[in-house]
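Student: Line by line, the protein sequences are chains R and D. Counting from 1100, one number per residue, gives the positions in the first sequence under the numbering used here. Counting from 100, one number per residue, gives the positions in the second sequence under the numbering used here.
No wet-lab data here; the hints were simulated from the structure. Treat the hints with care, since some could be wrong.
Stated by the list, open to error - Derived lysine-lysine pairs resembling DSS-like cross-links, with alpha carbons at most 30 Å apart:
{"no.": "1", "chain 1": "R", "residue 1": "1223", "chain 2": "D", "residue 2": "143"}
{"no.": "2", "chain 1": "D", "residue 1": "314", "chain 2": "R", "residue 2": "1305"}
{"no.": "3", "chain 1": "D", "residue 1": "203", "chain 2": "R", "residue 2": "1223"}
{"no.": "4", "chain 1": "D", "residue 1": "143", "chain 2": "R", "residue 2": "1102"}
{"no.": "5", "chain 1": "R", "residue 1": "1237", "chain 2": "D", "residue 2": "203"}
{"no.": "6", "chain 1": "D", "residue 1": "143", "chain 2": "R", "residue 2": "1224"}
{"no.": "7", "chain 1": "D", "residue 1": "203", "chain 2": "R", "residue 2": "1300"}
{"no.": "8", "chain 1": "R", "residue 1": "1217", "chain 2": "D", "residue 2": "203"}
{"no.": "9", "chain 1": "D", "residue 1": "336", "chain 2": "R", "residue 2": "1102"}
Said to hold, decoys possible - For each label pair, taking beta carbons as the anchor points, the in silico distance ranges come out as:
{"no.": "10", "chain 1": "R", "residue 1": "1271", "chain 2": "D", "residue 2": "238", "range": "43 to 51 Å"}
{"no.": "11", "chain 1": "R", "residue 1": "1266", "chain 2": "D", "residue 2": "141", "range": "48 to 56 Å"}
{"no.": "12", "chain 1": "D", "residue 1": "141", "chain 2": "R", "residue 2": "1262", "range": "48 to 56 Å"}
{"no.": "13", "chain 1": "R", "residue 1": "1231", "chain 2": "D", "residue 2": "333", "range": "51 to 59 Å"}
{"no.": "14", "chain 1": "D", "residue 1": "155", "chain 2": "R", "residue 2": "1146", "range": "57 to 65 Å"}
{"no.": "15", "chain 1": "R", "residue 1": "1229", "chain 2": "D", "residue 2": "160", "range": "49 to 57 Å"}
{"no.": "16", "chain 1": "D", "residue 1": "131", "chain 2": "R", "residue 2": "1297", "range": "42 to 50 Å"}
{"no.": "17", "chain 1": "R", "residue 1": "1202", "chain 2": "D", "residue 2": "280", "range": "38 to 46 Å"}
{"no.": "18", "chain 1": "R", "residue 1": "1141", "chain 2": "D", "residue 2": "238", "range": "45 to 53 Å"}
{"no.": "19", "chain 1": "R", "residue 1": "1263", "chain 2": "D", "residue 2": "409", "range": "44 to 52 Å"}
Bear in mind the structure is a predicted one, so any value in this text is a computation, not a measurement. Every residue, glycine too, gets a C-beta built ideally from N, C-alpha and C.
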Amino acid sequence: MKKFINIALPKGRLGEKVYNLLEKIGYGCPAILENSRKLVFEDEKNGVRYFWVKPSDVAIYVETGVADVGVVGKDILLEQNPDVYELLDLGFGKCRMAVAGKKGEILPLDKTIKVATKFPGIAKKYFSSKSREIDIIKLNGSIELAPILGMSDVIVDIVETGSTLRENDLEVFEEIVNISARFIANKTSFRFKTEEIELMKSTLEKELL
Amino acid sequence: MPENTVLSFEEKVAMKLTKLFASFGYKKFKMSKFEEYDLYIENKSFLKSENIIAFNDPTGKLLALKPDVTLSIAKNTADNETEPRKLFYSENVYRVSGNMHEFKEINQIGLELIGNIDNYSLCEVLNIAKLSLKEISDSYVLDISHMGLLIGLLESTGLPYDAREEISAYIGTKNSHEIRRVCSENGVDSSICEKLTTLASLYGSIDKILPEAEKLIVNETTENAVKELKNVCSTLKASGNADNINIDFSVVSDISYYNGITFRGFIENVPGSILSGGRYDNLLTKLGKSSGAVGFAVYMDLLSFLNKDSDRFDTDVLLVYGKDVSAQEVFAKVNELQSSGNRVFASCVECKNIKYKTKVVLGEDMA
């Protein structure tokens, strides 16, 4: 008997793109397209149940097994380090995690670096691998403001095209890691819904080639 | 009074596991709550976590609340014993767990076999691990792996320690694309890289995976690993104990401690592995001992995900008595109800916070 697969998708553009892809390869759920405030959508025929969740929560839903699989940015995985399988790099939602600061300046060498970021875990790990001491200023948005107003020396943030940085007279100092959307699975679900999850993975892989 | 109404699911499982271990001749090992802090510092990577509750004893010696039991057992086993030691334990350990990064007291039940580990010993421990999972739920899977395959393949890459660590972490998350990235960044031979990604993604029954594993042999280490894995699997199969057992090479443990067969147990609806174990001769070598060892632990705190206790009653009978009833009469009624196997909660007022099956009212003048 085919088992239901619970899929956690991040609300927003990335999630919609992933849904369209899944629909194309046979995991459609027409109810999802009706404009409603519902958060859970089910399609009995295709054996799928979708949840729309906050992008930074996808990994938690999958780690606890409420969702069997999900799609999440590598930035979230690096920051939260959840205990899940990372089965596939979907290759879209591409961007870079980078250290940036005011144009023309360089990373200060002679003092503790003040770093403003939404990703304290990634920032800490990166700078400690370079043996640099940092002070983290955790912000939840408009990170670019911090160096402009002198609150921090640099920021660690996602850079897509770099236009936000340019408009604010900032530039990338160092690149930390490349980011893209990843297909993840719960470790227990993988064992009890092996066929279903492996099929979804291989179909996705073929579609993306 | 029937045990199954009084004990919680966790207590029932603990009892069943204890009986199971004892039936194979394992003896209970009771240890002290504290251990010398140095033991954990010297074997930090065995614990995977540096968070340990440490404190001074009255003489100033630094002690720690046990974050782990295996280390204590390994330490306390005398060396050069010709006889095998078969021990089990049920202990609380103190670890940081969950997203809140707080210390938690976790009940761990497990067993250790220390001595000369032959094919039968390995199969016995695997079989007990399997039976332990079965005691918890019928929807279980025991995944077996052999560290030798990973160690051998990593040897053949010629990569430095850091990159090897990185690759084994990616094997653990079945992350083929990052393995490919690390391999190409370090110029690893593409056939070895392909073998590593295969190692990460192989998953399935013994019959399906063993032939695939043979294709991963590149050197002596990998060859011995496959040979040992085959021996164990064929013994388990021949004795009719191979159901619900899969092979999964993403089951990796720290290579400086674990050297042979490693395994994890999973129960449907419990996130993460509830049982974890393996062969850890390397730990004993580090502690200066020559015997081999294999064992596993069951993480009892994860049982709460099965939600088995949600429909438990606090008592069978709620006995509400009025002011017109004497204490003596209440006693008589309680005794009467108890003698027919009921749990009785007697109260002079109506209780809303007690979950009961039936209510008995004695007298008329209610409070």
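Student: Given the hint that residue 1237 (chain R) pairs with residue 203 (chain D), does the C-alpha gap stay at or below 30 Å?
Tutor: OK: residue 1237 (chain R) and residue 203 (chain D) at ~27 Å, within 30 Å.
Student: Kindly confirm whether 38 to 46 Å is satisfied by the beta carbon distance between residue 1202 (chain R) and residue 280 (chain D).
Tutor: violated, 31 Å
Student: Has the given pair, residue 143 (chain D) with residue 1102 (chain R), been kept, meaning a C-alpha gap of at most 30 Å?
Tutor: Violated: residue 143 (chain D) and residue 1102 (chain R) sit about 41 Å apart, past 30 Å.
Student: Tell me if the straight-line CA distance from residue 203 (chain D) to residue 1300 (chain R) falls inside 30 Å.
Tutor: Answer violated: residue 203 (chain D) to residue 1300 (chain R) is near 36 Å, above 30 Å.
Student: Return holds or violated for the Cβ distance of residue 1266 (chain R) and residue 141 (chain D) against the range 48 to 56 Å.
Tutor: Given a distance of about 54 Å, which is inside 48 to 56 Å, the answer is holds.
Student: Between the alpha carbons of residue 314 (chain D) and residue 1305 (chain R), is the straight-line distance 30 Å or under?
Tutor: holds, 24 Å
Student: For the pair residue 1263 (chain R) and residue 409 (chain D), does the Cβ-Cβ distance stay inside 44 to 52 Å?
Tutor: Holds - the Cβ-Cβ distance for residue 1263 (chain R) and residue 409 (chain D), about 49 Å, lies within 44 to 52 Å.
Student: Given a hint of 48 to 56 Å, does the C-beta separation of residue 141 (chain D) and residue 1262 (chain R) actually sit inside it?
Tutor: Holds - the Cβ-Cβ distance for residue 141 (chain D) and residue 1262 (chain R), about 52 Å, lies within 48 to 56 Å.
Student: Compare the distance between the alpha carbons of residue 336 (chain D) and residue 1102 (chain R) with 30 Å, and conclude whether the hinted pair is satisfied.
Tutor: With a Cα-Cα distance of about 28 Å, the restraint between residue 336 (chain D) and residue 1102 (chain R) holds, given a limit of 30 Å.
Student: Are residue 1223 (chain R) and residue 143 (chain D) close enough, with their CA atoms no more than 30 Å apart?
Tutor: It holds: about 21 Å lies between the C-alpha atoms, which stays within 30 Å.
Student: Range hint 42 to 50 Å: satisfied by the CB atoms of residue 131 (chain D) and residue 1297 (chain R)?
Tutor: holds, 47 Å
Student: Quickly compare the C-alpha distance for residue 203 (chain D) and residue 1223 (chain R) to 30 Å and report which way the hint goes.
Tutor: Answer holds: residue 203 (chain D) to residue 1223 (chain R) is near 25 Å, not above 30 Å.
In the structure shown, a violation is registered for the earlier hints numbered 4, 7, 15, 17, 18, in ascending order.
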